[in-house]
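Student: Which chain is which? The protein sequence lines are A and B, in order. Counting from 1, position 323 in the first sequence corresponds to residue 323 in my numbering; the numbering is continuous, with no gaps. Counting from 1, position 61 in the second sequence corresponds to residue 1061 in my numbering; the numbering is continuous, with no gaps.
Derived from the structure by calculation, the hints contain no laboratory data. Be careful, since some hints might not be right.
What the hints assert, rightly or not - Mimicking DSBU-like on lysine-lysine, the simulated pairs with C-alpha atoms at most 35 Å apart in a straight line are:
#1 Lys1029(B) x Lys179(A)
#2 Lys29(A) x Lys1179(B)
#3 Lys1286(B) x Lys1302(B)
#4 Lys179(A) x Lys1141(B)
#5 Lys29(A) x Lys263(A)
Protein chains: 2
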Amino acid sequence: MFERYRTQINTALRGALSSNDIAVYPMLKYYMGWVDKNNVPINATGGKFLRPTLCLFACEATGGDVAKAMPAAAALELIHNFSLIHDDIQDQDRTRHHRETLWYLYGLPKALTAGNVLRVLADTTLHNLQTAGLSSSQALKVIGLLTEAYLEMIEGQYLDISYEATANVSLPQYLDMIKRKTGALIRCALNMGALIGSNNSDVANGFRSIGESVGLIFQVRDDVLGVWGDESLTGKPVGSDILRKKKAYPAVHALSEIESFDKQTFLGIYEKQEDLTDTDISQILKLMDLANTKHSAEAMCKTHAQVAINHSRKVNLDRSSMNELDDLIQFLMIREY
Amino acid sequence: MFERYRTQINTALRGALSSNDIAVYPMLKYYMGWVDKNNVPINATGGKFLRPTLCLFACEATGGDVAKAMPAAAALELIHNFSLIHDDIQDQDRTRHHRETLWYLYGLPKALTAGNVLRVLADTTLHNLQTAGLSSSQALKVIGLLTEAYLEMIEGQYLDISYEATANVSLPQYLDMIKRKTGALIRCALNMGALIGSNNSDVANGFRSIGESVGLIFQVRDDVLGVWGDESLTGKPVGSDILRKKKAYPAVHALSEIESFDKQTFLGIYEKQEDLTDTDISQILKLMDLANTKHSAEAMCKTHAQVAINHSRKVNLDRSSMNELDDLIQFLMIREY
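Using the sequences and the hints given, assemble the complete structure.
Tutor: Below, the structure is given as C-alpha cells:
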C-alpha cells in the first residue's frame, strides 16, 4: 500500500513546494529531504508518508479516484512536516533522521517562519480540491475536517509540553494527549479519504472510527520502539526515550503500576538534571519490566486493532481492501521502524 | 468607523476564543487583553482592530450586511495576533503594549504552540461564513483570498528576518517586503469585505487595489512613528526603531540617499554590538534629516493616498462611504499612534 502511492505523493508534494520566490523554499526542500544544504538535489528515501497513504487508501477503498484525494493527502504530509519543524525548535533537537534541523542550521526566527510557510502551503494545496473534481460544498467539508484535526493536534502538542513539567501524568491524561497530538491527523486522513471516495457521511464516519484506533496503535507502538526499539532499524539508540526522560507510554504506564518505593526511584532518575548513566537506564528498564509495561502496551494495541477491525466490517469494503486494511493494522502493531 | 464596529468585533473574537478546554486558552485571552496573568477579567481598551474594521467597512460600503463579513473580520484579527505572538518570540521582545509577552511569561515552547492555536482558530472562524449566509463557492473564494494573503505575510516576515543581516537593503526590496508582511493582510481585508458585500469580482478587485495603497501608507506611517513618534502617544521611546537598529523605511531611505562617507558613519552605528548612545541616535537623526527622509516618507504616503482615492472613484460607492474612505486614508497618513 505504501509503495503504490509513493510516487504520486512525491509528485504532489513537489508541486506544492515548487516556488523559488524567496530563500525559505530551499530550506523547506532541504527539510523534505529533496536537496542538501546547498540546494543540490539528493536521492533521499523520504518518510513513510503514513498520513497521505491512509488518506488515498480510504478514498480508493470507498470507490473514489485517488487523484481526487491527492490535495488532501499532500496537505496532511505538509502539516505533519510543519509540526516537526516546530517540534524541533521546542525540543531544541539538533538532528532528525540524521539530518541537521532547520533552527540549528538557520537560527530560530527563520526556522519558525519556514514552519509557518509549510503550514500555509497545506492550505494552498487544498484549493486544488475543486480542480480535482470536488464540489464546493464537499471541498468545504474536507477543509473543515482538516482544520478540526489540526486544532486538536496543536492542543495535543500543548498538553505534551505541559506534561513535561508534571511528575505524575495519568494514563488517561496520556491517552487523551496522544489522541489529539498524533491521533487527530491520522483519524482525519482516513476520514477525509473516505468522505472524498464515498461522499457518504456514514462511510466517512466509519473510517473516522477506524482512524481513532489506528492513531492510538501508531503512537503506542512508536513509544514502545522509543524504549525497546532496535537502533539499527529505528536510528535511535536503545532506551532513547528514557535518555530524553520522555513521558511517553512506557514511563506513564510504569509509574501508574509500580509501588510507592519504586516510584520514588523512578521519579528520582527522571528528575535528574544531568545526563542519565547506563545504570540509570537499566534501572528504569527493570522497573518497566516489573510493571509489565511492554506487554501491556502490546495488549492495548491488540484491543484497538480489534476495535478498528470491527468498525471496518460495518463499512462496505471489497475483499481486497478489507485485507489491505487488516494488513496495515497488523503492520502498525509490529513494525520495527 | 472604528467605533461603529468595535463592540461587534469584540463579541466575535470572544466567541472564537470561548473554549476553556486546556490551559492554552487563558494564555490567549491574556494576550488579547481580556484577562490578566491569573485569568481574571480586566478592562482593556484593546487594539485598533484595523484589519477587521476595514473588512466590515468594505462589506457595508458595497451593500452587504456586516454580519456576513464578521467571520472573515474576526479571522483577520486572530491571524494578526498570531503573527505578533510569533514575532515576539523571533525578536525576543519581553513586552508589547506594556504587557509581558507570552514566551517571556510561559517559555518558548508553550508560546509557539499558543500562536499556532490562534492561527487555527482563525480557520475555524471561517467555517461560520456559510452560517452567516455565504454560498459554498463564495466561502471558498474568501478562504482562498485569506490563504493567499497569509502566505504573503509569512513570506514577508521571512524577508524581514533576512534583511536584518543585510547591510544594504534597497528601497524596492524594502517596499516589496512590507507589501507582503503588512500589506497583504490589509489588502485582503478590503478585498474580502468587498467580495462578501458585492459578490462582484470587479468591485472586489477595486477594493483590492485600494487595499494595496492603504497597506503601504499604514506601514510607512508606522515606520515614521517608530523614529519621530511622540512617546506619550505611541508608547515607544523617541527613536525606538533606531535603538533597535531596525531597517525600516527611515533607515533604508536614508542609506539610499546619503553619500558614501555618511553611509559609513550610519552603518558604523547600525552595526554596533552594544546599545546605542544618545549621541548615536542624534547622529542617525541628523543623517535622516540630511536625506530628507521624513518628508520623503510623507510624500510617498501622499502619492499612494491619491492612488487609493483614484481606485475608489472607480467602484460605485455612495457619498457617505466615499467620505468615510477618504477620512480613513487621511487618518492613516497623519495618525500619531
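Student: Take the hints in turn and mark each one as holding or not.
Tutor: Results for each hint:
no.: 1; hint: Lys1029(B) x Lys179(A); in the structure: holds (25 Å)
no.: 2; hint: Lys29(A) x Lys1179(B); in the structure: holds (25 Å)
no.: 3; hint: Lys1286(B) x Lys1302(B); in the structure: holds (24 Å)
no.: 4; hint: Lys179(A) x Lys1141(B); in the structure: holds (32 Å)
no.: 5; hint: Lys29(A) x Lys263(A); in the structure: violated (45 Å)
The structure is inconsistent with hint 5 alone, although it conforms to all the rest.
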